[in-house]
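Mind docking chains P, U and Z on chain Y? Use the hints.
There are 4 protein chains.
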Amino acid sequence: MAKQLRIGVLGAGRIGKIHAENIAYLISQAKLAGIADVKLTPEMETWAKGLGAQNVSGDPMEIIRDPAIEAIIICSSTDTHADLTIAAAEAGKHVFCEKPIDLTVSKVQAALGAVKKAGVKLQVGFNRRFDHNFRKIRELTLAGDIGEVQMVKITSRDPAPPPPAYAAVSGGIFMDMMIHDFDMARFQAGSEITEVYAAGAVLIDPEIGTAGDVDTAMVTLKFASGAIGSIDNSRKAVYGYDQRVEVFGSKGAAAAENDLPSTVRLSTEAGILHEKPLHFFLQRYKDAFADEMAAFVEAVLEDKPAPVSGEDGLADMYAALAAGKSLKEKRPVTIEEIRSGN
Amino acid sequence: MAKQLRIGVLGAGRIGKIHAENIAYLISQAKLAGIADVKLTPEMETWAKGLGAQNVSGDPMEIIRDPAIEAIIICSSTDTHADLTIAAAEAGKHVFCEKPIDLTVSKVQAALGAVKKAGVKLQVGFNRRFDHNFRKIRELTLAGDIGEVQMVKITSRDPAPPPPAYAAVSGGIFMDMMIHDFDMARFQAGSEITEVYAAGAVLIDPEIGTAGDVDTAMVTLKFASGAIGSIDNSRKAVYGYDQRVEVFGSKGAAAAENDLPSTVRLSTEAGILHEKPLHFFLQRYKDAFADEMAAFVEAVLEDKPAPVSGEDGLADMYAALAAGKSLKEKRPVTIEEIRSGN
Amino acid sequence: MAKQLRIGVLGAGRIGKIHAENIAYLISQAKLAGIADVKLTPEMETWAKGLGAQNVSGDPMEIIRDPAIEAIIICSSTDTHADLTIAAAEAGKHVFCEKPIDLTVSKVQAALGAVKKAGVKLQVGFNRRFDHNFRKIRELTLAGDIGEVQMVKITSRDPAPPPPAYAAVSGGIFMDMMIHDFDMARFQAGSEITEVYAAGAVLIDPEIGTAGDVDTAMVTLKFASGAIGSIDNSRKAVYGYDQRVEVFGSKGAAAAENDLPSTVRLSTEAGILHEKPLHFFLQRYKDAFADEMAAFVEAVLEDKPAPVSGEDGLADMYAALAAGKSLKEKRPVTIEEIRSGN
Amino acid sequence: MAKQLRIGVLGAGRIGKIHAENIAYLISQAKLAGIADVKLTPEMETWAKGLGAQNVSGDPMEIIRDPAIEAIIICSSTDTHADLTIAAAEAGKHVFCEKPIDLTVSKVQAALGAVKKAGVKLQVGFNRRFDHNFRKIRELTLAGDIGEVQMVKITSRDPAPPPPAYAAVSGGIFMDMMIHDFDMARFQAGSEITEVYAAGAVLIDPEIGTAGDVDTAMVTLKFASGAIGSIDNSRKAVYGYDQRVEVFGSKGAAAAENDLPSTVRLSTEAGILHEKPLHFFLQRYKDAFADEMAAFVEAVLEDKPAPVSGEDGLADMYAALAAGKSLKEKRPVTIEEIRSGN
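Chains as they are written, first to last, in the numbering used here: chain Y, 66 to 407; chain P, 66 to 407; chain U, 66 to 407; chain Z, 66 to 407.
Hints were generated in silico from the structure; no laboratory data involved.
Among the hints, a few may not be true.
When chains are identical, the list treats them as one kind, so a pair holds in a single copy or across two.
No more than 25 Å apart at the CA atoms, straight line, and that leaves these computed lysine-lysine pairs for BS3-like [stated by the list, open to error]:
(1) K181 - K164
(2) K301 - K316
(3) K164 - K104
(4) K351 - K301
(5) K390 - K164
(6) K393 - K172
(7) K351 - K96
(8) K351 - K82
(9) K96 - K82
(10) K369 - K96
(11) K114 - K96
(12) K301 - K164
(13) K114 - K68
(14) K301 - K181
Chain Y extracted, bound-state conformation:
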């Protein structure tokens, strides 16, 4: 049997569980070697053992220090991401870190510095790049079917808003929600964002406005390549999770529609009815979570660049900060202005 990458997972919440089970069951080149959760329960322990993890702990550092473990998946709370990334890098472990690495640029930069110094791989959890639909668009672009990319349009709407209080800790709509779309925009354009203009409104929940955030946003992008783009976000699409991308170029356009639970159409006196899109990101991106992990394992084992780097995470963050500033100051803001201001 080929070499298996021995992996430790930090954090056994919703997303940590998904990664751990994907590693244990679906990725033949990886082995789940350890799991830590600071709030470890007996149920978690049974579950972790059942997945074959030999090192199960309430202390993430025990996993990081375990010499049998070669790579660390960080799925703990956001405020621990940067420190754990640094600790893992200093221990010589490759790192897969859920997004965001941190909400402050300086901590992200510190984490990236530690990774660089240690010479380990770092992949950030922008799973949507691995979605079957969006990846297919990118493949068509790379194959030349679309020609020169001229426009990238992204629609990204959640089925229901988070509690208004969430806005304060999450960094707001640009930092917790649209950051995925900034990453998608850069991925699809194959070019860096240079300028952002953000229009926003509070149309769904006034408390979101009271908390200083918007719940509806339309952002215009300029790319280094000369292409232009747009992203629209809503915190509440009553018909479910709306995730669409369109890339338009000199030779054509590729557009991804939502995934539906079935292809069935029901024709009645009322019209022709299809099912709503898959409602929640865990269903919608189920395969993408497995595929990003497989890509991380392959990058480590074959010593290739991680497909979503720490620099990607930082660039996405700059775009989110530029959008926030643009909304506040009612003008387009360049990425350079954000980058140099930090």
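For chains P, U and Z alone, coordinates are given in the frame of chain Y:
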């Protein structure tokens, strides 16, 4: 200005009006020269004059005899089709006759004989061959995109059943409804039907059964080319007029979906809703009626074969008769058996 | 027979011909009474007579002055629109004027003043409001199916760019192309545009840039209602005329896809292929041209407000001017700034 | 932790591997306890141990006899299905048997008798009933959205024909391929098939004809409920695995289209292109295989009827035999005729 074909229309009912207006307004190479209706009303007369018809009469023979008229469109009641076709042919006029030419084979043969003897053109009103969807499928087949045709599948369902009494005079579901689909099947297969097996049921209206007919039917076809096919008919699709065709071959398959009033999809908590198909044949085949007439005019002016011949009409009728016999005798029936029995 | 509106058409070019034929053939409540073209040819005269026009002239004023004519359709060159509107209004004739009324605000205002003073109807030729797809979306919104409108997104791409020299006389991409989309945005939002931000690029033809215009544009809109919107334009979509609209609201979303020539899908080893969208605006909006004219006739005969008013035309123009200024000054521009600056 | 059903798998070929991995990884209420393959290799052994199987053997009877094992999954070669079913039943084990139980009615009846006598569960591997699309149609029917079922139409085409020699051992197109569709037809109609008429042709590979089989077939069905149906099969659809179902009833119709690898549409000068359907049954029915196994586990643990019974398997077989006889004798054949003849 190029030569215009001078046309007389017999019968100013629903379909006669459509043909007359198409000739007057949409077909630049034709001129509406006369209109007759045995129940001519002052309203009809005003309408006919408004269309530019110079000869407006209560007697079809006046139109047929009019030396200024070169071609006759027969839209009167079915029982007059054969006689008027013969009269027009004997007067040296080209004929476009609504389907069916007659419900008895001998009268159809008599009409075809008169047409042949007179050396005039005869086109039968199987308008669906001119539908944008079904014509496109045939074009793809002729272009070789489908390869050798192996299967032809036709779905043809009406929005609502006719009065049960209609079955008696119409000839029943195979003769008044499925005959269009037999014609479509022969058109799409590019081959003659050789054998028919019919299954039928009374599922919509028991009175249809009492009248000796079925309202739901599934027919299997064999073609001279070796291909096989199926047609399903229902007298009542609550979601509207359902008209679909699929041709499957060695290199691929082409399928036509229904036309919808708009492309709009409405996404709500209830699902994703499209509009129902166009409800009625006059809307669904609006352009096809104009296109079949334009094709008739072109065939006459350029002395080309009519695109749907009298022999086509007869072949379609044999298939309908075979289906009726198959249903009654619960066995497959060959076209040869029908043809030689008449 | 009911009263028919007697109409004169000025300008027998591409669009004038369409309107004249629609009036003559498709709108039973109207009668084509006159046609003028400053470059009248014998062919035009034959054609006009064939449509039943009694007054055919090389001088538009002859039609305007004709006492038998009650309404004027202005399809002559753009620089004559305002003057002919004024002349027709002063003659007491109702006016349907192709867009734009003029490229300068002052002339548009003068025309609107004359119309108001004369108490006649004025409809501007924003035909897309009558398109079956876009009208259906608006109907759904008005029926409450979408709830409060939160976003309006419009994609509008031409199959091929005009000659670069055209930019100079047309007023550029915002004034000659996106003005249709500003009108659509206002129509779908049911609210006035208050602010515009425009991003643009020259990605198709450098000469368009040399002429001072852009060929690719992405515009963000704010509406008085609080909704936000976007419009993207490209002068060249190689796959054909791309005309889509999406309205998103508190209860759902409605989206219109392009019209295709047929519903046929061809499945082969290469994939599943549908036809390209209808290529050209005359095909795509064929029925919309007839329907806008029918609506104008109805507004006059029944003394109802014209469905697209002169004020609509002016508001659309302000949005186009704001977009031009935004692009030049790289900042969002309010409509108020444009309105008060004129 | 809840009780887990301890399962042994017989046969570690393509389908056995899928079931074993689904049991080990995806079905939390089951445990993979044993695996046998008569051609056991060291690689299989490593794989089986990796899945947690404690009893790995070259002898199926060792698994059947293992007292730690409660249920048996039979994935060995077809000629062993009936004997292993009988052995497992006699050992008091519940049985999931891949289709067909056998190619002869008497052996199937013997297996069903043994199962009945032992009072164990038997589920037959008609996985398509668990497909997300086809299950959704059935749910709509059961919810009353379709009304009374009047027609069931099934299209089922393979991407490539099997070797002609396969026809001899497989029982031919009706027994090895269309049997899935007979099962689907009975499932969707919610009624037993009473009569079958089969048309068939050799259009793909003459050697299939030489082997006494057809490669293209169109079958008409009558159901006890009065509904009618059709199934078409082709051994070779160049565009991939074509699996569609349509149910038509008094209140509407539900139709399932193929699953595609992505929702992406590529618009270019050549048209609008979607990807081909998933090419192979293992991809197309990946989730259905897991779901049928989960349903079996649930039926055993909760002592509910197995969702696809041995009687279902027998009824499907009668339909296949009737189709074969119909093709040979060129007439409709009743199920009663087949049933009483055996």
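Status of the hints after comparison with the structure:
With identical chains, the CA atoms of K181 and K164 are at most 25 Å apart within one copy only, with a shortest distance of 18 Å there and 56 Å across copies. Taking identical chains as interchangeable, the C-alpha atoms of K301 and K316 lie at most 25 Å apart only when they sit on different chains, with a minimum of 10 Å there against 35 Å within one chain. In this homomeric assembly, K164 and K104 come within 25 Å of each other (Cα to Cα) only inside a single copy, at 21 Å, whereas the closest approach across copies is 48 Å. Taking CA atoms no more than 25 Å apart as the test, K351 paired with K301 passes inside one copy only; the shortest distance there is 21 Å, against 32 Å between copies.
Within a single copy, K390 and K164 get their C-alpha atoms as close as 21 Å, which meets the 25 Å cut-off; across copies the closest is 39 Å, which misses it. In this assembly of identical chains, the alpha carbons of K393 and K172 lie at most 25 Å apart only when taken from the same copy (24 Å versus 38 Å across copies). In this assembly of identical chains, K351 and K96 lie within 25 Å of each other by CA distance both inside one copy and across copies; the values are 20 Å within and 23 Å between. In this homomeric assembly, K351 and K82 come within 25 Å of each other (Cα to Cα) both inside a single copy, at 12 Å, and across copies, at 22 Å.
In this assembly of identical chains, K96 and K82 lie within 25 Å of each other by CA distance both inside one copy and across copies; the values are 14 Å within and 20 Å between. For the homomeric pair K369 and K96, the shortest alpha-carbon distance inside one copy (19 Å) is at most 25 Å, but the shortest distance between copies (37 Å) is not. Within a single copy, K114 and K96 get their C-alpha atoms as close as 13 Å, and across copies as close as 15 Å, so both meet the 25 Å cut-off. When the C-alpha separation of K301 and K164 is checked against a cutoff of 25 Å, the pair qualifies only within one copy, where the shortest distance is 22 Å, while the shortest distance between copies is 38 Å.
Both within a single protomer and between protomers do K114 and K68 lie at most 25 Å apart by alpha-carbon distance, with minima of 22 Å and 17 Å respectively. Taking the closest pair of Cα atoms, K301 and K181 never come within 25 Å of each other, the shortest separation being 39 Å inside a single copy and 44 Å across copies.
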